[in-house]
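Protein chains: 2
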Amino acid sequence: MTLRFTAPVVLPCDPGCSVLRNAAVDVVDGRITWVGPVAEAPPHTGAVRALPGLLLPGLVNTHCHTPMLLLRGMGGDLPLLRWLHEVMWPAEGRLTASDVRTGMVSGCVELLRTGTTTSVEMYFFTDAVIDAVLAVGSRVLLTPGVITAPGWDRLGSWEAMRNGISRRIDRDGLRSGPSERIELGYGPHAAYTLPAEALRSVAEHARERGALLHLHLAETLDEDAALRASHGSVPAWLDQLGVFGGRVLAAHGVHLSDDDIGLLAARGAAVAHCPGSNAKLAAGVARVAALRRAGVRVGLGTDGPASGDDLDLWSQARLAGFLARVTSGDAAALTAPELLLMATRDSAAAIGRDDLGTLSPGCWADLVHVDLADPAFVDPADDGQLLSNLVWAAGARLVRDVWVAGEQVLADGEPTRVDRAAATRELREVAARLHT
Amino acid sequence: MTLRFTAPVVLPCDPGCSVLRNAAVDVVDGRITWVGPVAEAPPHTGAVRALPGLLLPGLVNTHCHTPMLLLRGMGGDLPLLRWLHEVMWPAEGRLTASDVRTGMVSGCVELLRTGTTTSVEMYFFTDAVIDAVLAVGSRVLLTPGVITAPGWDRLGSWEAMRNGISRRIDRDGLRSGPSERIELGYGPHAAYTLPAEALRSVAEHARERGALLHLHLAETLDEDAALRASHGSVPAWLDQLGVFGGRVLAAHGVHLSDDDIGLLAARGAAVAHCPGSNAKLAAGVARVAALRRAGVRVGLGTDGPASGDDLDLWSQARLAGFLARVTSGDAAALTAPELLLMATRDSAAAIGRDDLGTLSPGCWADLVHVDLADPAFVDPADDGQLLSNLVWAAGARLVRDVWVAGEQVLADGEPTRVDRAAATRELREVAARLHT
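Order-wise, the sequence lines are chains R and F.
Take the first sequence: its letters are residues 130 to 565, numbered as in my numbering.
Take the second sequence: its letters are residues 130 to 565, numbered as in my numbering.
Treat the hints with caution; some may be incorrect.
Every beta carbon over 10 angstroms from chain R, so not counted as near; a handful from chain F, in silico [claimed, not checked]:
id, residue
1, Glu169
2, Gly202
3, Glu288
4, Asp299
5, Gly339
6, His384
7, Gly481
8, Leu556
Listed next, the stretches of chain F that the computed footprint assigns to chain R, with coverage defined by at least 3 CB atoms under 8 angstroms from CB atoms of chain R [what the hints assert, rightly or not]:
id, region
9, 156-167
10, 316-329
11, 438-446
12, 453-467
Hints were generated in silico from the structure; no laboratory data involved.
Beta carbons: idealized from backbone N, C-alpha and C, even for Gly.
All chains, please: the whole structure from these sequences, using the hints.
Given below as C-alpha cells:
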C-alpha cells in the first residue's frame, strides 16, 4: 500500500533537526520510502493525505510501567523504597492479568494522545500487555520483569521468569505482530532486587538473543547501600558479573560517578532519563550533561504513571531542560531542538532502534500530526521560534492525529480502534476495586 | 442576579483543602453567598447550573507580562541580562499600544483556557492592557512598569511613569471596571533598573494609596552585583529606602539569604515564585521551603510567556513541587493539596486579595470547571487520589468552563466574548512584523 503525507511543516528529526517546509513523507507497506520537499518528490500515484499542521516522528518513551495507570496518584508523597514496599507492591500483588490489560489499554491510548507511539515497558502478565498494545495499535518494546523482591514469588522464581521470556523469543522471534509492533527484551528489575547469579544469567540470555536488557540503575542512594558497602560501585560490580556488553538500557542513572559514566560509555550502555519521577520521589537529578559528554546515549522516559502521573513525554522533555539549566547555570543547556531529538531520535537510539524516532527511508511510518493553528505558535514561519514553541509551549495538548506503520490509530485526539470512554469506565472499575 | 452552581465535586480551596461532594455554590451579583453540600443548601429560586465535573476557584497568576506572548520563543536560550538587553528590550521598543492590546487579548484567552482568572501584570501601555482585559472578561491586578533602563526613556521619566499611575488611581480608585475587574498598582521594575530616589518615591506613592508594589527582586546573581558591592544585601538596602511596609510583592526572590527572608517576613512582603522562568533562564531555584517556614506568603507565577513560554499555572505548580523535592530530598515537600492552594488561595493572599482564590461567602465568583470524566482521574471517589490526579496529571488541559464574577467567559474551552481564531490571526500578524 502506497500513501503520501504532505504538510506545511515536517520535522524529520534528523541529526541537525531540520525544518522542512511544504514537504512530503511517502509510505509503502508501513515504512517510509521518501522524505523531502513536495517540489522535489518522486512521482506518486497512490492516495495523498494533505495535513494542515506539523508532522514529526512518533515519540519514544524509554522507561515505563504503563499498566500502573491503575494506581495513578496512590502514595504520591513517599520516597522510593517506602513507596514500593508500602503502597505499590502490595497493590500490584492484587492485580490480575485482566486488570493489567485494562490499565495497558488506557495507557496506550494516553501515550498516543501525547504523540508517543513506542514505549519501553517493564511489567508482568506479558500476554495481557501484548494483547492491549495490539488492540490499541501502538508499538512496544516489552521487557517482562524479572524480580525476587517480597511478594513477587507468586509469579515464580527468577529462573522461571527468565525462561518465560527466552521461550517466547525463541518461538516468535525478537520482533513480532503486525508491522513488528511487539519487540521483546528482558527486564531484570535492579541490582538490589535480584541475586548476582540472576543478573549474570539474564544478561547472558539477552545477549545471546540480541535482546534489550532493561534494568533500574542508581535511581536512589538508599536502594543499593548494602551492595555499595560490599562491592563499591554497583555499575562496576554489574560489569564484573557480565551484565554489560549487549544492548543495555539503564533506567534513571541518577547517582553515577564519573567512573560509572565512563564505564557505561565504554560498554555502550544507554540511559533512560526520567526527570519527573526522579524529582517527585526526591531521588535526585541525573547528570545528563556528563552522560551526553561521555557519549552515553540518553533517552527520555516518563516512568510508570503511578510515580510519573501522566505519560506525557513532552513535559518530561521540558523538565529535562529546566533541570539541566538550573543544575548547570547555563541557559543554553538542552535547547529546544536538543530536547525534541532527545524525545525522538535519541530515545530510539538508546533502545537500539534506528528504524524509529526519525523520518527517513526504511523507518516505520510512526507519525504525529500537531495542530499548527494554535497560538502556541506565534510565528510559524521562523524555524527557531517554531521549534521553541513546539517544545516549550505546545507539546502534547496539540497532538491531533497519530499513525503507527502508516495506519491511523488516533484521529482528532480519539483512538481509532478502541472506545476511550469505555476504556476509562473499565479503568475506574478496576481502580475502585483496588482501593477496597 | 442569583445563580446556583452545583457539581459532584467542589474544591473551595479553604485552608484544609476540603473536598466537597455534591455541593453548591450560590452567587448573587457576581459574589459568592454560600458554599456547601447541596443537601444543606439554603432555599434557592434562581437559575441552577448543574455541572458534571469539578469546580474550583480561578487560579491567580502572581507575576506575568502577558503581552510578551507576542515574543514567545524569541531568544529562549540566553541568560537573563543578555536576553533582556539583546532580544527583549529591543523587540519591546518596537511595540505599539495596539500591539500590546493584541498580545494581551490572546494572553487573557490563554490564561482563561488554563483556568487562571486573575493575573498580576507588569507592563506598559496601560490603556491597551485594560482594554484587552475588559474585552476578554478576565481580571487583572495591573502594575504599570516604572523603569529607567536603556531604551525605556521613550516612555518618559520615572517620575512621569509614577505620576501616570497615581493620577489614574486618584481618578478611578484602586479597583474599577465591571465587577472590579481592574485593580491598579505600581510596578517599579527592579533595584537594578531604577535610581534609589525612584524606588523610595514610588513605594511612598503606593503605600499612600494602599496599592500593591510589585517589583523584580533577586532574580539572578548578576543583575545587582554592583548594588551588592556598594550596599550589601539588596533587600536590606531597599528596606532602608522605605520600599517595604505597604503591600509589597517581590517577583522571583531566588537569591535570598536567611536574613533577607527574615526581613521579608518581618515586613509582610510576599514572593511570586516563578520556577519555570527561573529554571529556563538558569537563574536558580527560589528557597520556597525557607520562605514558607519564615511565614512569607508565596504565590505562583508564570512570568511573561517570552521566558515562561506558556501561561499554564498548573505546570508551574508541578515544577514547584519537583524542584522543592529535589532540592530538599524530601518526597513529601509540597504535596498536591499544598500546590493547589499555592496556585489559588496562597497566590491571592500574596497579592493581598482575600476575595479571590477561594470559594467562600463574599468572594468573587471566579470559577473553573474541570472535566472529571478524563482518565487522568482514576478513582475520583477517593479524596487524596482526586487531589493528586488533579494537580499532577490533569491540570490545564481539562479546564472546560470559566466564570469571572459569575459571568461565563470560557465555554467548552472557547472564550465567550472574543473570537479565538481572529485573535490568533492578529497575534501572528504582529509577531511576523516584529521579526522583519
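Against the structure, the hints:
| no. | hint | result |
| --- | --- | --- |
| 1 | Glu169 | holds, 27 angstroms |
| 2 | Gly202 | violated, 4 angstroms |
| 3 | Glu288 | holds, 34 angstroms |
| 4 | Asp299 | holds, 37 angstroms |
| 5 | Gly339 | holds, 36 angstroms |
| 6 | His384 | holds, 12 angstroms |
| 7 | Gly481 | holds, 30 angstroms |
| 8 | Leu556 | violated, 6 angstroms |
| 9 | 156-167 | violated (count 0) |
| 10 | 316-329 | violated (count 0) |
| 11 | 438-446 | holds (count 3) |
| 12 | 453-467 | holds (count 10) |
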